[in-house]
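J.: Taken in sequence, the protein lines are chains X and Y.
When you line the first sequence up against my numbering, it's residues 1 to 255, in that order.
When you line the second sequence up against my numbering, it's residues 1001 to 1507, in that order.
Derived by calculation from the structure, the hints in this document are not laboratory data.
Even glycine gets a Cβ: it sits at the ideal position worked out from N, Cα and C.
Incorrect hints may appear among the rest.
Calculated cross-link-like contacts (lysine-lysine; reagent style DSBU-like; alpha-carbon spacing at most 35 Å) [what the hints assert, rightly or not]: (1) 145(X) - 1232(Y); (2) 145(X) - 1085(Y); (3) 1313(Y) - 1192(Y).
So the derived label-pair ranges between C-beta atoms look like this [as the list claims (entries may be wrong)]: (4) 138(X) - 1100(Y): 28 to 38 Å; (5) 84(X) - 1292(Y): 23 to 33 Å; (6) 1073(Y) - 79(X): 49 to 59 Å; (7) 31(X) - 1138(Y): 39 to 49 Å; (8) 1073(Y) - 84(X): 51 to 61 Å; (9) 1055(Y) - 138(X): 23 to 33 Å; (10) 1075(Y) - 79(X): 52 to 62 Å.
Listed below are the residues making up each chain.
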Amino acid sequence: MHIALPLIAAIFALSTGRAAEPGMVTIPAGTYRPLFRMEKDAKEVPVPSFQLDAQPVTNGDFLSFVRENPKWRRSQVKRIFADEHYLVHWSGDLDLGSARPEQPVTNVSWFAAKAFASSRGQRLPTNAEWEFAAGAGFTIADGAKDPEFSHAIARWYGTPAPDVLPDAGHGRPNFFGVRDLHGLVWEWTSDFNSALVTGDARGDTGLERQLFCGAGSLGASNRADYSAFMRFGFRSSLRAGYTVPNLGFRCAKDP
Amino acid sequence: MTSSHLPSLLLAIVLGLTANLPVHPADTPVVTTAALAGPAAKGFDLDIVGEEVAVLTHAPNVPPPIQRQHATKVVVNVEVREVVKRLADGVDYLFWTFGGEVPGVFIRVREGDLVEFHLGNHPSSKMPHNIDLHAVTGPGGGATSSFTAPGHQSQFSFKALNPGLYVYHCATAPVGMHVGNGMYGMILVEPKEGLPPVDKEFYVMQGDFYTKGKFGEEGLQPFDMEKAVDEKPSYVVFNGAVGSLVGDKALQAKVGDRVRIFIGNGGPNLTSSFHVIGEIFDHVHQEGGTKVTQENVQTTVIPPGGAAIVDFKLDVPGTFILVDHALFRAFNKGALGMLKVEGPENLLAYSGKEVDATYLGDYALPGSAESRVASLELEMKKVIAGEPKIAAMGKEILVEKGKRIFAQICFACHQAEGQGIPAVFPPLAKSDFLMADKERAIRGVVKGLTGEVVVNGQKYNGVMPPVMLSDEQIAHVLTFVRNSWGNEGDIVTEAEVKKIRAETVSQ
């Protein structure tokens, strides 16, 4: 899928003694503290070791996929699996037009992303996996303790979306050797809607959720991590058939 | 949580279950997004007659008053855009907006109207957004029904049950940040009977902004969460930017106009002490309610997420300054606007400066003002007399003073160089008539001069009215003309003028 194997990923794979798939990085086992959780949920979620794409899936990658899987071409896809803006930035079913193959693919639905991953014997990362991997700073595993890293994330939220998306794989690699988890595009996760953020953020800590979940929420675990709020807010606005101009994905795999 | 979230909940549960199962290439999910109830589900409202698209305006403009005498269906189309705009000179900011500007578009509907709200989130947006209109009776004020991903749109309807002026804002997490980035505006639900007519209506909203850089630090400034949590804004502004209501962009009105301001506060944090310098609000609908709750108000409090309606009549012209009377916000953080009023002066209402004088307070010496002036003049004369250089300059000073008086009064007839106008106004330059008889010259100014005179061989037969100047001023101006344009004469003293005036009175 990816041509360049990040050096750091190779080193990491060697150091763990387990070879990651080409283009993928092995993320060691760890724990993730969910931003939102049910009363009965654990404060910390163990995340077993897994493999994660070192960079987001690109237009070029996705073009190969639709070439092999005609039913996921723009003109063929069932509306129920992708809305009318599916791959709208391409010129045709198999024509990228002005989109570059190196740019991250966007305007893809959750269904399409999941099908892409399946076609490779992979899957989408879970929220817990994605957040755990994305929580790593540039130089240390705990990004919250890396001010430079926190600022870099915040900067993305404070700058307008570029007219032309940058290419994938040029972001600074994080501690695990993964690039572009922040600052390029949003990414689908397999259970993107499990955070149960309602449309109205202010009600999310209240009683209403008990009606459905049988348990009150303790609300956010870390109110200061506003970029996490934004990611959960973003994911909650989605439906699986939605496509969005700055929403892409990357794949994961069990070790 | 409303029933519309049930499908997504189910979806999430199914997704959660499938997430860790082995996946096969052929495994295409069958989960779908369930259909929403749709607009037809709400049934029919028999009170509603007709349909129209709402006129929306950007601040400081307000849509025209509603003339309809019945409720109707009003379609409101608002587009959310994330745009870089000027926050202050040299300072840009990524604003999140309802309609492309801060504050968001002004919406005006009538009590009882059925509002069909369409919220579009522009495809270039990074964030999902929604809208909570305080005018809505329903969960989240519409927020639960309007959560919209970039490149998508939502629709919901509400009946405008309660008249009043209401703030609307985004309620997406983190809510304070969405509001702090400019996501607020106002909706007026006009009471059935309407508001009393006025000459001008304006839309003004205050907001606080939290930038990484200090006030005025140039460049594209990112949002600063820490400052926002600490409630320490770098900017407090009206209508989304420093200077959005000054200079050419000032609010404009005329003397005699009755002006209404729909004033709101987006916050997210600070309460405004709204004040217009030099005006008094004749009527205030406190907190944006339907009643005039107070009259003759200097400063009215606008809480974040709140509003007020104020009106006042403009009696005098000038520039009136809108401020948050928490004054460091006005003069150091931008909360300052202008209302420019043109028209005739009303000196009975406001005189302008009438007296500009030295004030000595308790530094003043005993005695009346006149005796103080007299003693000072005496002292001055003594100093001048004791100083030969100054004394010698006496005539020059008098000539200079007289020149100013001439330039204000006499030149109109006798012309700038004293040349007069042949056969109409006699010349003063090289004038034999002027120089031949000093007392006659003084008499001419004090009393006026009528009838035939011969000046430099030319006959004149006109009327010169008495000149309304003090004796001292007459002395000065005569000293000037008798020592200018080739005339050479002595000083005309105040005493000489006094003597002639006395003789005039006795005649």
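J.: Is the straight-line distance between the alpha-carbon of residue 145(X) and that of residue 1232(Y) 35 Å or less?
T.: holds (24 Å)
J.: Check whether the Cα positions of residue 1313(Y) and residue 1192(Y) lie no farther apart than 35 Å.
T.: holds (24 Å)
J.: Could you check the hint for me, namely that residue 1055(Y) and residue 138(X) are 23 to 33 Å apart, CB to CB?
T.: Given range 23 to 33 Å: violated, Cβ gap about 51 Å.
J.: Does the Cβ distance between residue 84(X) and residue 1292(Y) fall inside 23 to 33 Å?
T.: violated (51 Å)
J.: Confirm or reject the claim that residue 1073(Y) and residue 79(X) have a C-beta distance inside 49 to 59 Å.
T.: Check failed, 29 Å falls outside 49 to 59 Å.
J.: Using the Cβ atoms, figure out if residue 138(X) sits within 28 to 38 Å of residue 1100(Y).
T.: Holds, at about 36 Å.
J.: Note whether the CB distance of residue 1073(Y) and residue 84(X) lies within 51 to 61 Å or breaks it.
T.: At 27 Å between Cβs, range violated.
J.: So the hint says 39 to 49 Å: do the beta-carbon atoms of residue 31(X) and residue 1138(Y) match that?
T.: holds (40 Å)
J.: Taken at face value, is the distance from the CA of residue 1085(Y) to the CA of residue 145(X) at most 35 Å?
T.: holds (33 Å)
J.: Is the gap between the beta carbons of residue 1075(Y) and residue 79(X) within 52 to 62 Å?
T.: violated (26 Å)
Checked against the numbered hints above, the structure breaks hints 5, 6, 8, 9, 10 and satisfies the rest.
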